[in-house]
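Based on these hints, arrange chain B on the given structure of chain A.
This is what each chain is made of:
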Amino acid sequence: MSDLRDLYQEVILDHSKRPRNFHAIDGAELAKGHNPLCGDRVTVFVKVVDGVVADVGFQGDGCAISKASASLMTEAVKGRREDEVRHLFALFHDVCTKDDVEDPEGDLDKLEVFSGVREYPVRVKCATLPWHTLVAALDRKPDTIKTE
Amino acid sequence: MPPWQGGGDMIRSVTFEKTEYADPPTKFEAGTPHIAGAVGLGAAIDYVQSIGFDAITAHERDLLAYATEQLGRINSLRIIGQARAKSSVISFTLAGVHPHDIGTILDREGIAIRAGHHCAQPVMDRFEVAATARASFGIHNGRDDVDALVAGINKVLEIFA
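In order, the protein sequence lines correspond to chains A and B.
Following the working numbering, the numbering of the first sequence begins with 1 at its first residue and continues without gaps.
Following the working numbering, the numbering of the second sequence begins with 1 at its first residue and continues without gaps.
Only chain B is shown next, with the shape it has when bound in the complex:
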């Protein structure tokens, strides 16, 4: 297979008569390697380990439980997906409001969610919805973010009232 691109480290020897390429995988890895990415990955692993997976899991579970409870108080809101061991993500729908309208309004309120079929159309069919809105929680979030989400959803309901 010929190299897809030329550059540093992908040749063994070059003369006017003949060019010999390095053995794969080097042959296909021309140019400066992704050094910054590797260093960044190392820093990210150090950061995550300094917090610890147990602490991360506990924080995310707390946010998931808190958000599930708070969102559960909104009458027209339906949480999609109630698996016991699910990650700290909540997919939901609001009666009479399309998820893309929810997304646009929350965006203006400074809240980033994902809206649509989430590249999972068979699951949408399974739950008989066209699309959902989905909020995810991580270590950088706090309970105040959940409160902001609830306030944002109330704004959506106010506009669509």
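If we strip away everything but chain A, and leave its shape as in the complex, we get:
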């Protein structure tokens, strides 16, 4: 049985208590994510200029995992090209669900802390909800997306 500290690492606790970029952005693309079973809600705001994420923020309420994931996501994608963001989401999804994820360039960086989530299958959707919502915003699909 894995230690709870593998899931609730310092970085995750810190970002859940003091989320970064925790605000709306005027004039940005936005999408809403909702996890109807557990009640997590997140709205992601993203401003893309010349194919690059110029600004990104979020609002919402949820568990420590979902809040920390949204916060760390905003830090990870700011300044990245859209295709890099999608690549990062694929890597992030893998790190939440699989062992031995290949990341030769070290793109995951801090997001690696979510590797503890794979031991807790019911919590994977908490970690991935903000990312699904970000991609919906990039795809200009503002309708509420669900992880079910």
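Hints in this document: simulated from the structure, not taken from any laboratory.
Treat the hints with care, as some may be off.
No more than 25 Å apart at the CA atoms, straight line, and that leaves these computed lysine to any residue pairs for SDA-like [to be verified]:
| # | chain 1 | residue 1 | chain 2 | residue 2 |
| --- | --- | --- | --- | --- |
| 1 | B | 155 | A | 121 |
| 2 | A | 17 | B | 74 |
| 3 | A | 146 | B | 155 |
Below, chain B without anything else, positioned relative to chain A:
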């Protein structure tokens, strides 16, 4: 209304020319009935009656009172729902910790609770909470289980300190 499925006991007579179904409800109850379930229900009723509802109620009330008192000593814990005649369930929230995180940590400590909106979102709105954690006590629980719950909650607070 046609039968939804074929099987034993749902026909009256069958020939190549014509099939006649049994009268409802048999028509809709094809196949082997749920015999094991009925036998199990009988055994469960015998078991509950051998203990007696008075004894069950007394045990559950004791656990509810004990748990209410023990949980009440935790500063950041708020018990949701204080009806005088409530069943032996305690819904609660911890300041700064989402109920799903409480659930995950208690689960790892061997304690099963329910966390979320409990399919009762209007009640969550009434108490102005997004979700709660909820522990239930029954005849298979003892005061030591309440103590384990309190220890588990202290572990939650330690992790989220």
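Looking back at the hints listed earlier, which ones does the structure fail to meet?
3
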